[in-house]
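A.B. asks: Going line by line, the protein sequences match chains V and R.
In this text, residue positions in the first sequence follow the numbering used here: the first is 1, and each later residue adds one.
In this text, residue positions in the second sequence follow the numbering used here: the first is 410, and each later residue adds one.
In case anyone wonders, no lab produced these hints; they're calculated from the structure.
Virtual Cβ for every residue (Gly too), placed ideally from N, Cα, C.
Under 10 Å between C-beta atoms, here's a sample of chain V residues computed to sit facing chain R:
| id | residue |
| --- | --- |
| 1 | V76 |
| 2 | L80 |
| 3 | E87 |
| 4 | N143 |
There are 2 protein chains.
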Amino acid sequence: MSRIVMKFGGTSVADLDRIRNVAGRVKREAEAGNEVAVVVSAMAGVTNTLVKYCQDLSPLHDAREYDAVVATGEQVTAGLLAIALQEMGVEARSWQGWQIPLKTDGAHGKARIASIAADELVRRMQLGHVAVVAGFQGIGPDNRVTTLGRGGSDTSAVALAAALKADRCDIYTDVDGVYTTDPRIVARARKLTHIAYEEMLELASVGAKVLQTRSVELAMKERVRVQVLSSFGNADGGDLPGTMVVDEDEIVEQEVVSGIAYSRDEAKVTVRRVPDRPGIAAAIFGPLSEASVNVDMIVQNISADGTTDMTFTLGRTDLARAQATLDAHRAEIGYQDLLVDPDVAKISVVGVGMRSHAGVANTMFKALAGKGINIQVISTSEIKVSVLIAAEYTELAVRALHTAYGLDG
Amino acid sequence: MSRIVMKFGGTSVADLDRIRNVAGRVKREAEAGNEVAVVVSAMAGVTNTLVKYCQDLSPLHDAREYDAVVATGEQVTAGLLAIALQEMGVEARSWQGWQIPLKTDGAHGKARIASIAADELVRRMQLGHVAVVAGFQGIGPDNRVTTLGRGGSDTSAVALAAALKADRCDIYTDVDGVYTTDPRIVARARKLTHIAYEEMLELASVGAKVLQTRSVELAMKERVRVQVLSSFGNADGGDLPGTMVVDEDEIVEQEVVSGIAYSRDEAKVTVRRVPDRPGIAAAIFGPLSEASVNVDMIVQNISADGTTDMTFTLGRTDLARAQATLDAHRAEIGYQDLLVDPDVAKISVVGVGMRSHAGVANTMFKALAGKGINIQVISTSEIKVSVLIAAEYTELAVRALHTAYGLDG
Numbered sequence: 001m002s003r004i005v006m007k008f009g010g011t012s013v014a015d016l017d018r019i020r021n022v023a024g025r026v027k028r029e030a031e032a033g034n035e036v037a038v039v040v041s042a043m044a045g046v047t048n049t050l051v052k053y054c055q056d057l058s059p060l061h062d063a064r065e066y067d068a069v070v071a072t073g074e075q076v077t078a079g080l081l082a083i084a085l086q087e088m089g090v091e092a093r094s095w096q097g098w099q100i101p102l103k104t105d106g107a108h109g110k111a112r113i114a115s116i117a118a119d120e121l122v123r124r125m126q127l128g129h130v131a132v133v134a135g136f137q138g139i140g141p142d143n144r145v146t147t148l149g150r151g152g153s154d155t156s157a158v159a160l161a162a163a164l165k166a167d168r169c170d171i172y173t174d175v176d177g178v179y180t181t182d183p184r185i186v187a188r189a190r191k192l193t194h195i196a197y198e199e200m201l202e203l204a205s206v207g208a209k210v211l212q213t214r215s216v217e218l219a220m221k222e223r224v225r226v227q228v229l230s231s232f233g234n235a236d237g238g239d240l241p242g243t244m245v246v247d248e249d250e251i252v253e254q255e256v257v258s259g260i261a262y263s264r265d266e267a268k269v270t271v272r273r274v275p276d277r278p279g280i281a282a283a284i285f286g287p288l289s290e291a292s293v294n295v296d297m298i299v300q301n302i303s304a305d306g307t308t309d310m311t312f313t314l315g316r317t318d319l320a321r322a323q324a325t326l327d328a329h330r331a332e333i334g335y336q337d338l339l340v341d342p343d344v345a346k347i348s349v350v351g352v353g354m355r356s357h358a359g360v361a362n363t364m365f366k367a368l369a370g371k372g373i374n375i376q377v378i379s380t381s382e383i384k385v386s387v388l389i390a391a392e393y394t395e396l397a398v399r400a401l402h403t404a405y406g407l408d409g
Numbered sequence: 410m411s412r413i414v415m416k417f418g419g420t421s422v423a424d425l426d427r428i429r430n431v432a433g434r435v436k437r438e439a440e441a442g443n444e445v446a447v448v449v450s451a452m453a454g455v456t457n458t459l460v461k462y463c464q465d466l467s468p469l470h471d472a473r474e475y476d477a478v479v480a481t482g483e484q485v486t487a488g489l490l491a492i493a494l495q496e497m498g499v500e501a502r503s504w505q506g507w508q509i510p511l512k513t514d515g516a517h518g519k520a521r522i523a524s525i526a527a528d529e530l531v532r533r534m535q536l537g538h539v540a541v542v543a544g545f546q547g548i549g550p551d552n553r554v555t556t557l558g559r560g561g562s563d564t565s566a567v568a569l570a571a572a573l574k575a576d577r578c579d580i581y582t583d584v585d586g587v588y589t590t591d592p593r594i595v596a597r598a599r600k601l602t603h604i605a606y607e608e609m610l611e612l613a614s615v616g617a618k619v620l621q622t623r624s625v626e627l628a629m630k631e632r633v634r635v636q637v638l639s640s641f642g643n644a645d646g647g648d649l650p651g652t653m654v655v656d657e658d659e660i661v662e663q664e665v666v667s668g669i670a671y672s673r674d675e676a677k678v679t680v681r682r683v684p685d686r687p688g689i690a691a692a693i694f695g696p697l698s699e700a701s702v703n704v705d706m707i708v709q710n711i712s713a714d715g716t717t718d719m720t721f722t723l724g725r726t727d728l729a730r731a732q733a734t735l736d737a738h739r740a741e742i743g744y745q746d747l748l749v750d751p752d753v754a755k756i757s758v759v760g761v762g763m764r765s766h767a768g769v770a771n772t773m774f775k776a777l778a779g780k781g782i783n784i785q786v787i788s789t790s791e792i793k794v795s796v797l798i799a800a801e802y803t804e805l806a807v808r809a810l811h812t813a814y815g816l817d818g
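The shape of chain V in the complex, shown without the other chains (with noise of 0.2 Å):
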């Protein structure tokens, strides 16, 4: 027997049809002896709807007022899963952030959870009945419903999983796995057995869309064994084995490089010709990070002439604002001019055997230039190697690391 939390997105619970299959996988769970908890989401399209109710009345609307809006799609979810279950022959009940209660923080739209009380909840499973929560919410210091940002459910779910101390979180979702790299770009990829929770959150953060990446930083944290499958599963509804995110000790073969992730939604700004002195740099990213501007890869050259080139990579969408940004402090910066380019893509290996492993960025640097593609910026951590390059050569690049690894199926 196990406690697990399984956890459904949006897509999962699209219509009623989709609802009862999530309420005969819990009922599966359940029947197999297993104490269970649900996290659901708000029904595909809903959140998107009351989100833009709020911003067509105001543009700057109450956050507050926002989160009690928008919290609702996931209450109508909840209701409605219990209500399957119990046709099912399920004991089930719904729970709604402020009843558990599940406290947050009080930044509305964005709350971070502060505590989970959860002996009712173990109560009452022990007694085998289901516990449905509404994923992505909360209730704030002021006794009023917060939510946690969109993709919120999955921190709901392995919070929860950690209050509960859960054996496992099941996080169903449109893919069935965390693979060695994106499917659609090279047919030979392997879904992964097992993860690292840190290889993950470079997955996450660098492209890979299949966790919220507070989640996982969470389940690192809390050491929530996280498991990724898909909401589909086999033909005959049983569930496909999905990838398993764990601490790395629990990996036993563990390869050098697990996945080769990738992002297109960059953009590179070259500031031109700056005076090479201290605080140069500050002068640059203080006035973008004020203007909300995320700043990822950052690259200075070698000074010629008392100047020096500033580049950095960000995402797209915040380019316009970054170009008005260093526009309205050419002054202070004294820049000679900025270039940018939108048509780039960064491509990320990632894997915690890097840590014991000499020669990884070397063996990417050959395979990249082995297909004839220019390098523009590169940045390394302890367990990933990043470079930009043009974006047209971004499958090609994916294609020739994925080999390289020896990752092909």
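Using the hints, position chain R against chain V.
C.D. replies: Same frame as chain V, now just chain R:
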């Protein structure tokens, strides 16, 4: 300065434009120096969709989960109206039932209000903040969301007005007041400036669908002055005067008859030749009551040869169930046959002035006789005379009575 509760139904908040329109009305009341609480229903159609979800998943769904699901509609409207008010520069916040708290009993799906904690609402209203309250909902003894039954937002508004000791409870609806009769039948029907609680109750229960009956009972018990008025108002956005529902002592020039109501949703059943013995009425109406058939008028004819005929009326939707019930109990009752007539209408003349005036019923009988309309059943109460007639004479009867009682404008 007054303290007022304003209530807006589903058609008044059906889309964002109407919600903005409602916000404009609330703003005018607040800017006139009034302390304002607003009670809102779900956007038109939302509750029906949610109810259908529950029914489709399980015909015998858990009423507690049903409540959790359907109560979300009002929560959305409350949040959106608060946002619309803030956008117009009016301080406002939304309140869900559990946040106030508005406590109810545990009868999920048709809960009754037990108490409303008004202190915090009053404190904020005195600061000039508008309280936007989700109607139709409360919190039960088990800390779960309850709903008050369809149309329950009227009751929420009146109960809130009582708890707040409000000077007035304005119910905005899709009619602009209470008329002497249905203006679609009698073009010269007049809008009443005032009507007594007791009259409103009789009119509500005989078919003038303006206010939920329970809300009028509550207003009468708590002496809440209720105004019924149109949510669409004048072209310039100002309110047309509506109808005040008040204590009869407040009405200076009380007419003998205030209005003529009708209901076409009636059916008539005659149980022919039952033994004329003590207990026969109980033998007939006991089983009907157990089958939840609401019987309205009852007439027993004089006895001949030891048998009698028992005639009663009921809602037409209950007719099949009533027939089946009587068939099942035929042996015990010992009747000869059943006569059923679904083509009947009930016409009622209502007025608290009847208490002190004789001849009201006779005016009715003469007027109907003058048009050749046969009366099938008669029933009277202190402030009402009702007759059952063939349905095809409905409009003719209503017009004749409107004229006979001097109500034509």
